[in-house]
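Colleague: These protein sequence lines map, in sequence, to chains A and B.
Heads up: the first sequence runs through residues 1 to 335, numbered per the numbering used here.
Heads up: the second sequence runs through residues 1 to 329, numbered per the numbering used here.
If you are wondering where the hints come from, they were derived from the structure by calculation, not from laboratory data.
Treat the numbers as computed from the prediction; the structure is a model and nothing was measured.
For glycine and all other residues, C-beta sits at the position ideal for the given N, C-alpha and C.
Please note that the accuracy of each hint is not assured.
As the list claims (entries may be wrong) - Covered stretches of chain A, going by a simulated chain B footprint (3 or more residues, C-beta under 8 Å):
no.	stretch
1	224-235
2	291-301
What the hints assert, rightly or not - Restricting the straight-line Cα-Cα distance to at most 25 Å, the calculated cross-link-like pairs of lysine-lysine (DSS-like) are:
no.	chain 1	residue 1	chain 2	residue 2
3	B	K265	A	K278
4	B	K9	A	K278
5	A	K284	A	K311
6	B	K9	B	K93
7	A	K333	A	K318
8	A	K184	A	K161
So the chains spell out like this:
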Amino acid sequence: MTTPEPIVALEDVSKRFVKPLDTAEKIGRIFGANVKEEVVRAVDDVSLQIAEGEVVGLVGESGCGKSTLGRVIAGTMNPSEGAVRYRGVIVEGMNAQDRRRADLAIQMIFQDPMASLNPRMRIAEIIGEAPVVHGLVSRRDAEAYVAETMQRVGLDPSTRKRYPHQFSGGQRARIGIARALAVKPEVLVCDESTAALDVSIQAQVINLFMRLREDLRLTYVFVSHDLGVVEHISDRVAVMYLGRIVELAPTDSLFSGPNHPYTQALLAEVPRLEARKKKFSALKGEIPTPLNPPSGCHFHPRCPFAFDRCKVERPMLKEVAPRWSAACHLNDKAA
Amino acid sequence: MSHPVLEVKNLSVSFGSREGALTAVNDISFHVDRGEVLGLVGESGSGKSVTGLAILGLIDAPGRIGANSSIRLDGQELVGMPEHELRRLRGRKLAMIFQDPMTTLNPVLRIDTQMIEAVTAHENVSERAARARAREALQRVGIPSPDERLLAYPHQFSGGMRQRVAIAIALLHRPALLVADEPTTALDVTIQAQIISEVQELASQTGTAMVWVTHDLSVVAGLADRVAVMYAGRIVEQGSVVDVLERPLHPYAHGLIGSVPSRNKRGSPLAQIPGMTPSLGRLPPGCAFHPRCPRATDICRGEWPEATAYPGGRTARCYHPHLENEVAA
Ligand SMILES: Nc1ncnc2c1ncn2[C@@H]1O[C@H](COP(=O)(O)OP(=O)(O)OP(=O)(O)O)[C@@H](O)[C@H]1O
Ligand SMILES: Nc1ncnc2c1ncn2[C@@H]1O[C@H](COP(=O)(O)OP(=O)(O)O)[C@@H](O)[C@H]1O
Ligand code: SF4
Ligand code: SF4
Ligand SMILES: [Mg+2]
Ligand SMILES: [Mg+2]
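Isolated chain A (complex conformation) (with noise of 0.2 Å):
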């Protein structure tokens, strides 16, 4: 048996900022402090293959790099290195007529609808505009194909001349969806789609992803903090530390016995409705910046288990199982 060709394949890709100054540090800087502009490597040389149909569930604390990948992935940024191949095709190396499909087929949704919808544009605007200057449509056919993409996910067809203020979060959140299905992507990046909603609404989301999944064949990669949501939707979970991805395992065996110390970790600090009053004992340490990572493996001041190779030497991520690997030193120990 051969395997497929991945849908999307990142090969070695890094990508660097110059990071900007938060409200905070702004206020600091009007008041005279000594708050400087850096070089953040908000992903560092992450390698990654995503099969058609999978679920990639991309998972780690604020700051490590997750909604950055999710924008190298749907082409919305290229990498400072590295590559991104859609269909076995290099993106950047695309001609223009490729490129355009390759960015149709990989569509982004958002965290904060609200903020990514144009708060003039009528519904039926933001649903239609790009499936018609695509030429996906006819303008002819748009506003029937605009109501058959909002009962897709729920809307009520009827409200196609509203403005996105007129509606609550959940439904603002299946418009930037329906907004996306338009264009008949293959791939959906969803960074954080329902951490803005309330858990009675972000259910319904959460169904309408999986139901639209089964519909229509998507393959999704789906970034949060939140572990609850990425373990019922995923298949695969790729766990991201500073930039980098330290373990990528099936859902079950990552969530039934994680590698990496620091999945181990993440998951030990997870709040469960089936807990009961219990001590949380934490991760000490803060989530370091991605500014300044510690040498050699960048968890090492956090690890209980850190020796003093850590120290110096990066970890590359290894199989440790079928379809898992690992980027710890331990894993060589015992072996």
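Let chain A serve as the given structure and place chain B with the ligands on it in line with the hints.
Modeller: Below, chain B with the ligands without anything else, positioned relative to chain A:
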């Protein structure tokens, strides 16, 4: 035991608006004992934060506390208390932490300035003693090199550290009651766990009672002793965490719990509460949950059901509760 640390009775809070008064909190009653954690849960707009603010006496005009409302702290009535007396209580016996720690922290003042002021506002001590207290408080919430940190400004801290400083300030005077409004919602699970573990530790040392406002049922499961579920300004069910989370009586609590992704539900569709949270200006008559409730009948459209007591000290407001779940743990 004499009386609970906090006893809230028939609390209502309304806000004037063009369409008339909106009742954000509607006739709620609950209590919290010494050292106890009460989780206050519900969806956005259900009245959790307004409840917390009311306890602290922070409802400003046009907000109004209803006529029969009573909030007692260690037996002392807070409703109607003059502002200068309330201010003496706040920060000393009564403290609050918010989702955004910058609600508490002043961005243009150094941490030591803010903390020393917080100490000396309530205690007649020298600046040196106050500084020592501040230093110790930072250490207790797990801030490394507190001496250095005292000289810093809030912007030099991460979000998690800022929240810890806000907590250190809130707990400076070992308050009898701490109201925490989603203090960890914006933070990562790892930092959330650190903060919760520190608050737990401090509360167990000082016997501080807590009202923990959150929309995250999983946090409540691990942290609280008892839980109160709010919907449209009402507490629709309250009881021990075990009873309410494992055997909810109220259909809304039932639906809410079913909609949380959890181990045993992986990959299967989550329970869905149809429809959406109603806006307070347009609450349906009767039980406000009825348009979304699978058990609703005609009677539900008439009047709000009264709070009914069930075994195990539980109460629920519903005409057709899940009685199969009535037995207490
Ligand atoms: N100052 C105010 N003026 C008018 N209405 C208000 C005011 N503060 C709150 N409300 C209204 O009271 C209701 C309850 O608000 P509250 O902030 O308590 O909700 P919550 O349960 O804390 O929600 P969330 O989970 O979103 O924080 C909402 O409908 C809100 O719009
Ligand atoms: N457009 C940008 N410009 C500069 N820095 C950025 C930008 N986007 C993200 N970063 C930085 O890159 C790092 C990773 O960010 P991000 O991918 O958003 O993390 P996550 O989604 O995991 O929280 C962070 O340090 C962040 O501040
Ligand atoms: S490589 Fe070393 S520091 Fe890194 S996770 Fe493994 S044991 Fe810990
Ligand atoms: S009172 Fe009626 S509508 Fe309200 S929760 Fe109970 S059964 Fe449902
Ligand atoms: Mg992000
Ligand atoms: Mg609130």
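Colleague: CA of K265(B) to CA of K278(A), is that 25 Å or under?
Modeller: holds, 22 Å
Colleague: Count the residues of the stretch 291-301 of chain A with a beta-carbon closer than 8 Å to any beta-carbon of chain B: does the count reach three?
Modeller: It is violated, with 0 qualifying residues against the three required.
Colleague: Do three or more residues of the stretch 224-235 of chain A come closer than 8 Å to chain B, measuring C-beta to C-beta?
Modeller: holds (count 7)
Colleague: Please work out if K9(B) and K278(A) have their alpha carbons no farther apart than 25 Å.
Modeller: violated, 30 Å
Colleague: For K9(B) and K93(B), compute the direct alpha-carbon distance and say whether it is at most 25 Å.
Modeller: holds, 20 Å
Colleague: Holds or violated: K184(A) with K161(A), Cα cutoff 25 Å?
Modeller: holds, 22 Å
Colleague: Straight-line Cα separation of K284(A) and K311(A) no greater than 25 Å?
Modeller: holds, 18 Å
Colleague: Does the structure keep K333(A) and K318(A) at a Cα separation of 25 Å or less?
Modeller: OK: K333(A) and K318(A) at ~13 Å, within 25 Å.
Violated hints, listed in ascending order, are 2 and 4; each of the other numbered hints is respected by the structure.
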